[in-house]
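Asker: Each chain, written out:
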Amino acid sequence: MAGLLIAIAAIGIGLFANILAPHDYAAVDVTQRFLPPSLGHPFGTDEFGRDLLSRVIFGARTSLIVALSSTLVGATLGVVLGVTAGYFGRASDEAIMRLMDIMLAFPSIVLGIALATVLGPSISNLALIIGFIQIPAFARVARSSTLVVKAQEYVVAARTLGQSNAGIMIRHVVPNILGPLVVLASLTVPGAIVTEAALSFLGLGVQPPTPSWGNLVFDGTRFIYSYPLLVALPGIVLSIAVLGFNLLGDGLRDVLDPRSRR
Amino acid sequence: MGCSVLVFLLIHFAPGDPITSLIGVYPSVDQVAIMRHQLGLDQPLPIQYLLWLGRVLHGDLGTSLLTHTSVASSILQRLPTTLLLTAMSMAWALLIGITLGIASGFRRGGFIDTVSRVLSIIGISVPPFLAGIILILIFSVQLNLFPPGGSLDQYGLLALVLPSLALGIEYAAVVLRFTRASILEVLEQGYIRTARAKGLTPRAVEYRHAFGNALLPVLTVVGLRTGTLLSGALVTENVFSLPGLGTLLTGAIGLRDYPLVLGTTLVMAFMVVAVNLAVDLAYGLIDPRIKL
Amino acid sequence: MDYAMCWTLEVGGDYRHSQASRRMLSGVTPAYQGTPRHSVLRVENLSVDFIRGGLGLHAVRQLSYEIGVGEAVALVGESGSGKTVSALAVLRLLPSRTARVSATSIDFDGNDLTRLADSELRKLRGYRVSMVFQDPLSSLNPLMTIGQQISEVLTTHLGLSDSQAAVRTQQLLDMVGIAGHSRRMRSYPHEFSGGMRQRVMIAMALACRPALLIADEPTTALDVTVQAQIMELLANLRKEFGMAVLLITHDIGIVAGFADRTLVMYSGRLVESGPTENVLAHPRHPYTLGLLRSIPRVDRNRRGELPSIRGMPPNPYDAIPGCAFAPRCAWAIPQCHVSSPALEAVGTDWAAACWVKPNEAV
Numbered sequence: 001m002a003g004l005l006i007a008i009a010a011i012g013i014g015l016f017a018n019i020l021a022p023h024d025y026a027a028v029d030v031t032q033r034f035l036p037p038s039l040g041h042p043f044g045t046d047e048f049g050r051d052l053l054s055r056v057i058f059g060a061r062t063s064l065i066v067a068l069s070s071t072l073v074g075a076t077l078g079v080v081l082g083v084t085a086g087y088f089g090r091a092s093d094e095a096i097m098r099l100m101d102i103m104l105a106f107p108s109i110v111l112g113i114a115l116a117t118v119l120g121p122s123i124s125n126l127a128l129i130i131g132f133i134q135i136p137a138f139a140r141v142a143r144s145s146t147l148v149v150k151a152q153e154y155v156v157a158a159r160t161l162g163q164s165n166a167g168i169m170i171r172h173v174v175p176n177i178l179g180p181l182v183v184l185a186s187l188t189v190p191g192a193i194v195t196e197a198a199l200s201f202l203g204l205g206v207q208p209p210t211p212s213w214g215n216l217v218f219d220g221t222r223f224i225y226s227y228p229l230l231v232a233l234p235g236i237v238l239s240i241a242v243l244g245f246n247l248l249g250d251g252l253r254d255v256l257d258p259r260s261r262r
Numbered sequence: 001m002g003c004s005v006l007v008f009l010l011i012h013f014a015p016g017d018p019i020t021s022l023i024g025v026y027p028s029v030d031q032v033a034i035m036r037h038q039l040g041l042d043q044p045l046p047i048q049y050l051l052w053l054g055r056v057l058h059g060d061l062g063t064s065l066l067t068h069t070s071v072a073s074s075i076l077q078r079l080p081t082t083l084l085l086t087a088m089s090m091a092w093a094l095l096i097g098i099t100l101g102i103a104s105g106f107r108r109g110g111f112i113d114t115v116s117r118v119l120s121i122i123g124i125s126v127p128p129f130l131a132g133i134i135l136i137l138i139f140s141v142q143l144n145l146f147p148p149g150g151s152l153d154q155y156g157l158l159a160l161v162l163p164s165l166a167l168g169i170e171y172a173a174v175v176l177r178f179t180r181a182s183i184l185e186v187l188e189q190g191y192i193r194t195a196r197a198k199g200l201t202p203r204a205v206e207y208r209h210a211f212g213n214a215l216l217p218v219l220t221v222v223g224l225r226t227g228t229l230l231s232g233a234l235v236t237e238n239v240f241s242l243p244g245l246g247t248l249l250t251g252a253i254g255l256r257d258y259p260l261v262l263g264t265t266l267v268m269a270f271m272v273v274a275v276n277l278a279v280d281l282a283y284g285l286i287d288p289r290i291k292l
Numbered sequence: 001m002d003y004a005m006c007w008t009l010e011v012g013g014d015y016r017h018s019q020a021s022r023r024m025l026s027g028v029t030p031a032y033q034g035t036p037r038h039s040v041l042r043v044e045n046l047s048v049d050f051i052r053g054g055l056g057l058h059a060v061r062q063l064s065y066e067i068g069v070g071e072a073v074a075l076v077g078e079s080g081s082g083k084t085v086s087a088l089a090v091l092r093l094l095p096s097r098t099a100r101v102s103a104t105s106i107d108f109d110g111n112d113l114t115r116l117a118d119s120e121l122r123k124l125r126g127y128r129v130s131m132v133f134q135d136p137l138s139s140l141n142p143l144m145t146i147g148q149q150i151s152e153v154l155t156t157h158l159g160l161s162d163s164q165a166a167v168r169t170q171q172l173l174d175m176v177g178i179a180g181h182s183r184r185m186r187s188y189p190h191e192f193s194g195g196m197r198q199r200v201m202i203a204m205a206l207a208c209r210p211a212l213l214i215a216d217e218p219t220t221a222l223d224v225t226v227q228a229q230i231m232e233l234l235a236n237l238r239k240e241f242g243m244a245v246l247l248i249t250h251d252i253g254i255v256a257g258f259a260d261r262t263l264v265m266y267s268g269r270l271v272e273s274g275p276t277e278n279v280l281a282h283p284r285h286p287y288t289l290g291l292l293r294s295i296p297r298v299d300r301n302r303r304g305e306l307p308s309i310r311g312m313p314p315n316p317y318d319a320i321p322g323c324a325f326a327p328r329c330a331w332a333i334p335q336c337h338v339s340s341p342a343l344e345a346v347g348t349d350w351a352a353a354c355w356v357k358p359n360e361a362v
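Protein chains in written order, with our numbering: chain A, 1 to 262; chain B, 1 to 292; chain C, 1 to 362.
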């Protein structure tokens, strides 16, 4: 349950960034550049004399907003497509799943880069783009779970009772496939954090001066020889957060998916 | 095929009018019309798509807006680096991942299993760009063993050691987890019980009967992960300033060189499809139930 | 004289003689140190518990039985009664992580299987005692040819070379009625029908002419006509090889005409054991009676309802103070709910574990 603690801590840090951060993350002070860690600046300062800890804390907010909202986008669209494909089968199934295969053929970052180029970089676009990338995974899981649920007697019964397809899907199918979807969501959050970081790292994500874990690491690499802490500290925080969400996902899978329990 | 439609639509809706970049910012209306006709841009969208597809199939990916050189030749020049990088990381990943996965699956709860589980969860949590930075910090900055970046021409294969490791770590962790899970699953199958009931040694049971069957799902992972691997390659190349498709692509994006961006994207998508095809072929070789 | 010829000559000879000639030819010293005795397997007080999430599941409780040399014994009971688990426990084929096996002794052919080292037990498995499983498709390795899977047994236990093993494999396939060997040997399990796969399993199990064959629901996964063929094949091979067979089945209908003796298990315990004709004609345990009455029969009850045993088997997690069958039993008396009856003789070599032991015709 270490994963749960880390995940809660990360989300808490993101939520209360403005209370927790000891300094203004954007306050430039050229007299205070590249300070080593101290009581006043526990993580030291960056090339503009900004407090690194405050930037990492606010970076958590940005990174988590993007990660969580993109997962919401991806899950919603993916579930709608997957349940539709699984429930109706035949032509709609073919069409939707082929489309998903096409999306899967693109390296996710390449797809992200192409979309980011077209849409332009901003936090909300980033969430949309990363969410878009996640659609196929959710659609696949939703579809295969729907196929199982569809054959259950309560769905057949609801159908004989003359309930509408949409009603059956919302009332009977979706609630019964939530388990695997929650597991998948908890495992896509760390993926989304990494994708956000990678896009920001490539300069296509969150634009400075707003900090995110990705662009903090990117900024730090420029001083990798002179002042490695600037890349190491945000990198470690990012890894711990990703680790936490991964552990949480594993734990949830053990609880919610009896088949994988060993 | 579907990929090409998506790429085409992306080209079409990409900001920036190709006419503007070809004949200047203030063209006359007639010039534009003539130009559009010459480029086939006055045709309906599906016709445009087919014309474009025809050119792509002939290896013509268009010309770079900035350097006015052929996109295909720039890609060909960069392709070997990316291919080598991904092949080396895949080799690392399969070597480390399958070896440790087997060791921990067959000796579940043992020392190797415990260590590999910790390693794999850490490996999965360190994205390639971060792994790259850490490796540079340790092996280039501190120990000065490998170059922190640079091309194949400069350092030969030495230039790829750290990048391929950076890229391979996460992949190895994924392969390890899948191999382990797959072995645990296979060990519960009826034919394993049969093999044990036949009086075979544990070694024969594990390697003759369990190993091949356990490897099949791992193959699927290799196919599914290729996209992720290329994504990672793209980022890793940037971390190590390797002149491959990834740096070509990010450079082209920075300069808004759309034909180059989309040509590279298409080639990468093609690589994913090619690996998946190879995986299907390998399936056919290993599993007699699958007829190709 | 080459090995193959010798084997053909051996068919019909008694097993000890063939054993000697095989030892001579293959140069393999058998692992067992068997002295002639009348029982090939004697199980005493076998119990199996499954540990899952802190709960102990009693799958087999204090099971004792004996199988004579060349004897066919049927172990009958509904699914979950512990019959398969008890057989797997004898051969140590249960997952050691979850299964806790204990027994006073398990004597197989002069070896105490409870004390035998893993490496020694391995030399007996597939050689002196073989097993045929319920579902032949999942019991065969999908990635290996039929030929490889059969000859593997021969190379492991008899030290045959690959070509010798191939010759012998052909004969084994012939023996179980699979024609067109050389092509069949290169086939994979998925290319065979269910009945053929089970024939392959039987060929594999009999490859070394074991003293005991454990057949675990060998016909359950097959359709009715194929079921009859497989049972006939087993019966013929048993006569030919003079081997003992433990037939595990939930279908008491296939027991008659095959088994010399029948054991009936309920909820992990032996409730009745005796000569098959006695047990089938005049069962002395109400559960056996129930099983027999629920078989569809042509000669009576044509319009009437097929009787079934009312109620459900007990939850194996529960501790049961009395007879496990009592809640479902029409003859139950107060004592049945309080204390558990032991097996008591009701005739020659015939016993039932029941306080009432009703004497009714089927």
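In case anyone wonders, no lab produced these hints; they're calculated from the structure. Computed from a predicted model, the values in this text were never measured in an experiment. Even for Gly, the Cβ is constructed at its ideal location relative to N, Cα and C. Check before you lean on any hint, since a few could be wrong.
[As the list claims (entries may be wrong)] Okay, the calculated bits of chain A under chain B, using three or more residues with CB under 8 Å as the criterion:
#	segment
1	75-88
2	104-111
3	197-203
4	241-250
[Stated by the list, open to error] Non-contacting residues of chain B with respect to chain A, defined by C-beta distances greater than 12 Å in every case (computed):
#	residue
5	I47
6	L50
7	G62
8	T67
9	A72
10	I112
11	I133
12	I192
13	V218
14	L224
15	V235
16	T250
17	G254
18	A269
19	Y283
20	D287
[Unchecked claim] Listed next, the in silico SDA-like pairs over lysine to any residue satisfying Cα-Cα at most 20 Å (straight line):
#	chain 1	residue 1	chain 2	residue 2
21	C	K239	C	A117
22	C	K123	B	T201
23	C	K123	B	I192
24	C	K239	C	E344
25	C	K123	B	A204
26	C	K123	B	P202
27	A	K150	A	L178
28	A	K150	A	R171
29	A	K150	A	F88
30	A	K150	A	S124
31	C	K239	C	R293
32	C	K123	C	P142
33	C	K239	C	V224
34	C	K123	B	Y207
35	A	K150	A	I96
Asker: All hints, please: hold or fail.
Answerer: Okay, the hints, checked on the actual structure:
1. For the segment 75-88 of chain A, the stated coverage by chain B is violated: 0 residues have a C-beta nearer than 8 Å to a C-beta of that chain, whereas at least 3 were required.
2. Requiring three or more residues with a Cβ within less than 8 Å of a Cβ of chain B, the coverage given for the segment 104-111 of chain A holds, as 7 such residues are present.
3. For the segment 197-203 of chain A, the assignment as covered by chain B holds, since 5 residues bring a beta-carbon within under 8 Å of that chain's beta-carbons and 3 suffice.
4. For a cut-off of 8 Å, the count of residues in the segment 241-250 of chain A with a CB near a CB of chain B stands at 5, and the three-residue condition holds.
5. Against the 12 Å criterion, I47 of chain B stays outside the reach of chain A, whose nearest CB is about 21 Å from its own CB.
6. Once the 12 Å rule is applied to beta carbons, L50 of chain B is consistent with being away from chain A; the minimum gap is 18 Å.
7. Annotated as non-interface, G62 of chain B keeps its C-beta farther than 12 Å from every C-beta of chain A; the closest such distance is 16 Å.
8. Separation of T67 of chain B from chain A is adequate, the least Cβ-Cβ distance of about 18 Å exceeding the 12 Å criterion.
9. Interface exclusion of A72 of chain B from chain A stands, the closest Cβ pair being 18 Å apart, more than 12 Å.
10. The non-interface label for I112 of chain B is consistent with chain A: the shortest C-beta to C-beta separation is roughly 17 Å, beyond 12 Å.
11. For I133 of chain B, the requirement that its beta carbon stay farther than 12 Å from each beta carbon of chain A is not met, with the minimum near 6 Å.
12. The non-interface label for I192 of chain B is consistent with chain A: the shortest C-beta to C-beta separation is roughly 16 Å, beyond 12 Å.
13. The claim that V218 of chain B is not at the interface with chain A holds, since no C-beta of that chain comes within 12 Å of its own (minimum 16 Å).
14. Distance to chain A contradicts L224 of chain B as a non-interface residue, since its nearest Cβ pair spans about 8 Å, not more than 12 Å.
15. At roughly 5 Å, the least C-beta separation between V235 of chain B and chain A is not larger than 12 Å, which violates its mark as non-interface.
16. Look at T250 of chain B: its CB is around 5 Å from the nearest CB on chain A, not clear of 12 Å, so calling it non-interface is violated.
17. Its closest Cβ contact with chain A, about 7 Å, brings G254 of chain B to no more than 12 Å, contrary to its assignment away from the interface.
18. Listed as a non-interface residue, A269 of chain B fails to keep its Cβ farther than 12 Å from every Cβ of chain A; the least gap is roughly 5 Å.
19. For Y283 of chain B, the non-interface assignment is confirmed: its Cβ lies about 17 Å from the closest Cβ of chain A, beyond the 12 Å cut-off.
20. Every Cβ of chain A is farther than 12 Å from the Cβ of D287 of chain B; the closest lies at roughly 21 Å, confirming the non-interface assignment.
21. Of the supplied pair hints, the one linking K239 of chain C and A117 of chain C is violated, its CA atoms being roughly 32 Å apart against a limit of 20 Å.
22. At most 20 Å may separate the alpha-carbon atoms for a hinted pair to count; K123 of chain C and T201 of chain B meet this at roughly 9 Å.
23. Restraint check for K123 of chain C and I192 of chain B: satisfied, since their Cα atoms lie roughly 17 Å apart, inside the 20 Å limit.
24. Among the hinted pairs, K239 of chain C with E344 of chain C is inconsistent with the structure: their alpha-carbon atoms are about 32 Å apart, more than 20 Å.
25. Between K123 of chain C and A204 of chain B, the direct Cα distance comes to roughly 14 Å. Compliance with the 20 Å bound is thereby established for this hinted pair.
26. Pair hint K123 of chain C plus P202 of chain B holds up; C-alpha atoms about 12 Å apart against a cutoff of 20 Å.
27. This hinted pair checks out: K150 of chain A and L178 of chain A have alpha carbons roughly 14 Å apart, not beyond 20 Å.
28. Between K150 of chain A and R171 of chain A the CA atoms are separated by roughly 12 Å; this keeps the pair inside 20 Å, and the hint holds.
29. This hinted pair checks out: K150 of chain A and F88 of chain A have alpha carbons roughly 10 Å apart, not beyond 20 Å.
30. About 35 Å separates the Cα atoms of K150 of chain A and S124 of chain A, which puts this hinted pair outside 20 Å; it is violated.
31. Restraint check for K239 of chain C and R293 of chain C: the C-alpha separation of about 30 Å exceeds 20 Å, so the hint is violated.
32. Of the supplied pair hints, the one linking K123 of chain C and P142 of chain C is violated, its CA atoms being roughly 25 Å apart against a limit of 20 Å.
33. Distance check on the hinted pair: K239 of chain C and V224 of chain C sit about 23 Å apart at the alpha-carbon level, beyond 20 Å; violated.
34. Taken as a hint, the K123 of chain C and Y207 of chain B pair is honoured in the structure, with Cα atoms around 19 Å apart against an allowance of 20 Å.
35. Simply put, K150 of chain A and I96 of chain A have alpha-carbon atoms about 18 Å apart, close enough for the 20 Å limit, and the pair holds.
Of the numbered hints given earlier, the model fails hints 1, 11, 14, 15, 16, 17, 18, 21, 24, 30, 31, 32, 33; all others are met.
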